[in-house]
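Quick note, the sequences are listed as chains A and B, same order.
Using our numbering, read the first sequence as starting at 1 and increasing by one per residue.
Using our numbering, read the second sequence as starting at 1001 and increasing by one per residue.
Where hints are given, some of them may not hold.
[Claimed, not checked] Simulated pairs of lysine to aspartate or glutamate, EDC-like, Cα-Cα distance not exceeding 16 Å:
1) B:K1408 / A:D41
2) B:K1408 / A:D40
3) B:K1197 / A:E61
Simulated from the structure, these hints should not be mistaken for laboratory data.
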Amino acid sequence: MAIRQLSVFIENKKGKLSDAVKTISEAGINMRAMSIGDSDDFGILRLIVSDTAKAYSLLSEDMIVKVTDVIAVKMSDKEGALYTVLRVLEKADINVEYTYAFTARELGAYVVFRVNDVEAAEKALSDKGIVLMTEDEIRSI
Amino acid sequence: MGKYYQEEIETASREEILKIQNEKIVKQVKHVYENVPYYRNLMDEKGVKPEDIKSVDDIKKLPFLSKADLRDAYPYGLLGTDLKNCVRIHSTSGTTGRRVVAFYTQHDVDLWEECCARAIVAAGGTKDDVIQVAYGYGLFTGGFGVHGGSQKVGCLTLPMSSGNTERQIQFMMDLGSTILCCTPSYAAFIGESLAEKGYKPTDNKLKAGIFGAEPWTEEMRREIEKSLGIKAYDIYGLTESSGPGVAYECEEQKGMHINEDHFYAEIIDPDTGETLPEGSKGELVFTSLDKEAFPLLRYRTKDICVLTREKCACGRTHIKMCKPMGRSDDMMIIRGVNVFPSQIETVLIKEGYTPNYLIEVDRVKNTDTLDISVELQPGQFSDKVSDIQAKEKALEGAMRTMLGIGPKIHLVPPKSIARSEGKAVRVIDKRKLHD
């Protein structure tokens, strides 16, 4: 169920983010979700795209890129939905490294989790009936 | 030709070498006194006459020449012969001030190329070898010096000059180069480029490399040897003394033999000018023994090093100098602490980074700052910000241990620090702009 996310190391300098985005957009690849973790010196651009393999090969020509497995969970439109997911992960002793949210027009809101143990997280969540998004679903958004 | 280019002189006894040196120094001093008014004035001021110099022991009576003298005397002030007897010039890059122009008669060129030929043979070169000269050709001495030496040995010589790495690699592969000559930073770059193209270190025919013209460390030597699958030899020289080949490494790779029949070396205390005994650390000073156009007596190189007469297993008897430990030019004084770029390089390689870095020194609110940009390698990338920050912190700690002051480390993407094809620019000292 894991979704492949691309992580790109980017210098924290004018124009560097747009260089990476340009590479992807010129190749006709769609971004499904995006977030940036940053420090004073650098940023890590995290992307879920329509064609992971193609984006990886284009970006890695002149950037450091890594494929990371993440999970994406659909958030029900109820209070405490995110809290429920976090509790499940916590009880299963799974660490969340970082997380970000995105919305898809008809499908609603999703939260992406980067965890220390993807398999254990998948199992813990599906045991509780929490549905994870698949790569096919994310591509078809 | 075997192991030596000129066995008789390279393995001559101490007495024989002294005899040659003593004969030559008397003539050289007389030649300078008669032909170079600039130096004659310095000798007169010191009250030294050519007759006072009877052997190399008397060299310490002579006045020093410094780079400042060479600049003052630019362009013809230190010329030792009529211009019509000269066949060539070379020049320093001028990065530290006004250029220095050195002149050569055919005799001087031959002498220089002979020194380079000895270096090539010491690195295992024979007439069966294909030498790729990737030092710059032109005013820089690297290209022409090694080129001439290579032809004297009888090697097939590829006058590539520096740069155009694609072409370097193509010729290296297609013509089967066996010896590469260039700056160590360019050798490291060629090694990286080969790996990027998917070549293994065993895919090339190279067996040796002769690298010089900029400071490099033992760690960098091992990196280059690994990436190119070769044995890497150091070579030393300076434009003022003709060019590369003043000293060179043999297969022992433990110090460089100085071509003592052409150059007399001393170590002095850089502050007092006093000549120090063998084995002392100090500034290297050279006296040319048989140059015509640009003879320099007691030229202060600013290179800090140690000389040794310890017996070398290679059989050569010429005195050895260690790899220069730093140049007074390169030395930065940051918050009162002496810092050499070579120390920074050593830490980087030890910690698993490439020796491509940029040092920026500045002064903020009257305090010196030291910032070092270092390239992160793909294998070191983690997509967690905290992991990369931890790497920066770890490197800052390792630097603090080595340097005595703490720098700020900036990890940057690979290839974002400009590569040089000649001498690498690694230090930007912005303090000079404020002063």
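Can you name, in rising order, the numbers of the hints this structure does not satisfy?
none
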